[in-house]
Amino acid sequence: MSKIKIDAYSLLQKIKMQKPLVHHLTNWVTIYDCANIVKVLGGSPVMAHAKEEVAEMAKIASALILNIGTLTVDFIEAMKIAAQSANEKGIPVVLDVCGAGATHLRDEASFSLLGSVKIDIIKGNASEIARITGEKVKTKGVDAGTVEKDMLLIAKRLAKKRQCTVVITGKEDIIVDTQKHYIVKNGHELMTHVVGTGCMAASVIGVFAAVDRNLAYAATAALVVFEVAAQLAAEKSKGPAAFKNALFDCLFNLDKQTVEKMQNVSQ
Amino acid sequence: MSKIKIDAYSLLQKIKMQKPLVHHLTNWVTIYDCANIVKVLGGSPVMAHAKEEVAEMAKIASALILNIGTLTVDFIEAMKIAAQSANEKGIPVVLDVCGAGATHLRDEASFSLLGSVKIDIIKGNASEIARITGEKVKTKGVDAGTVEKDMLLIAKRLAKKRQCTVVITGKEDIIVDTQKHYIVKNGHELMTHVVGTGCMAASVIGVFAAVDRNLAYAATAALVVFEVAAQLAAEKSKGPAAFKNALFDCLFNLDKQTVEKMQNVSQ
Amino acid sequence: MSKIKIDAYSLLQKIKMQKPLVHHLTNWVTIYDCANIVKVLGGSPVMAHAKEEVAEMAKIASALILNIGTLTVDFIEAMKIAAQSANEKGIPVVLDVCGAGATHLRDEASFSLLGSVKIDIIKGNASEIARITGEKVKTKGVDAGTVEKDMLLIAKRLAKKRQCTVVITGKEDIIVDTQKHYIVKNGHELMTHVVGTGCMAASVIGVFAAVDRNLAYAATAALVVFEVAAQLAAEKSKGPAAFKNALFDCLFNLDKQTVEKMQNVSQ
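Residue numbers (our numbering), protein chains in the order written: chain A, 1 to 267; chain B, 1 to 267; chain C, 1 to 267.
Simulated from the structure, these hints should not be mistaken for laboratory data. Nothing false has been slipped in among the hints.
A pair holds if it fits inside one copy or across any two, identical chains being indistinguishable in the list.
Within a straight-line C-alpha distance of at most 20 angstroms, the following computed EDC-like cross-link-like pairs (lysine to aspartate or glutamate) qualify:
1. 19 - 189
2. 59 - 108
3. 51 - 74
4. 59 - 107
5. 171 - 189
Using the sequences provided together with the hints, build the complete structure.
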């Protein structure tokens, strides 16, 4: 693998210019943070989950984020309606398989979504993604388990099977499509001590995907921007709450030079 | 128009003395911030949405806030039950038409509420309010569109038609009832970079309306207090997260002199 | 009553070692803070409320927290299923009777839960707990009313009747089981100016109960840790938002010496 340069800042500027509307059907725990991070980046978040309006909302959006973190049976139904509408319009659909493996309902929801609509980006941590591929791994709630398998291989297999982009977040993030892969080594340990960094990562990926249809590249740029900001935020923070606030403010104030200097991407 | 003085601080003191219970049926994105801002001002927030308890909760409350930001069909039903109960008790009902114009469901919910219960204060941004009056404007999600029409005229027409107070938030806020109007020029650009300032404004209006039945005056005082605090907060903030935290703390610590010196209200 | 020493720090270390999964069915207002405080302490929070998955989720958890703050009829049903599963597994179930007394639905939910599953820890403020015992007290929303009765006596009676641990939070917290009682005099007035400190207290109690089955002792240790952190946070905070952030960070960074020096527990 060799280090490469990603022009993540150009995409960030594109977001600030286009202000893409990013429609979420997400979980109730981190919904505020998901909306707020889209806003801080310059996008326009909208959260709507009623089955009577999700198709229409997806039609005016530039990306759709689905997150199964606090799902119900009705919610899965609304997700499918929204995703079908997004598929028709041709906007990217991101699925965060939050907590996959923890219960049968989550596994079934994930497989049912993957089977009935086109998911453009599947995102999860190692144990969640392993579960989605059918590997036998037990997730403990929504936090990352450790996985022994070669995750890059697992990601590639899933990308090929589902003809999509796969993002595995962790100490090193793996981004794979049917042609290529990227590894992002940015980020900070404090991210694991705050609820919601995983869900926010999916939203950041969605807002970047809204402005660049090379989805693996957009997802890589998204994680670079998010995690460079996390590193800057960690430097000035004494704990997870200060860190989370600083993360939003560092994202808001990020400049080109910093993104270029601090990014750590391999291919 | 000429500048006038509003005794916003007296109402703030009244809130701290009376600690009014403010019942919300609001959206799931900003529900925490809506509750917290009522608490920080000295009121007592309660969020309850089960159709089995909303009538009873509204009966012990001093104001009711409705917000259609993440509505469902069941939720609209619960809103009507709560509002009927509020109407019977004679407490002010605030409707934040969050995202009106984005989907048919939101428009229908707004019109159905306005048609079946007494709404005392309708609050929205320019494009949302224009939509409620029947003007042809397209809202992009929940963020403000730009509207070409004379919003003061639109607000007056709506106030007359619905026999209520109308609040249009924006760079300059317009507050109108059937008799008079106010323009508030306080606030700060950072408010547009944080999710929830619009929803919080509705809650602040509700808690002020709970202690003064001159609703246009109470809403004006509410926006003065909220936006003066925002200006103070912005001075000491390097980004939207720091700003939001400072906004709560500036509201909590606001003194009479500052409110009087910084307010910018015209009539 | 005489002052005693609680080895709260050992339990905190046990949490960091065991990283217990703490399953919540809680309210939508403070759900993020409840999850985050478990994470900050070193536990692993999971929020799941679909009746199709709660039994399975409770089975992989080490404690279950129920909170009736924004309940619906369906939600009560899901709570019972989760609690039955928790009872079978033998993990502690904490019930926060948030807002009990405000409406019939809340009272019925509380009594129905207490009647149909084993609740190990009942937690509330004075007026909520009084209500649960059948004492005639009127709660004003979810904020604490003042109660004239001898709360220690009320708590003891309830603990005996329900064969459980009872926690009454307030300026002085009362923790009682069928054998013994503790009084915690830590905490700070700023806690009453932020939404969610009560709900967070229940989550903190749950994560401590997950690692020590002497539940009254675990709950006492939990409140000591939470409220010592609150005192530290208050020292450096100019308002409720700064305070809440500092509370998380002080909890995250708490050391043994500080916990031992600042704790104020009587028996």
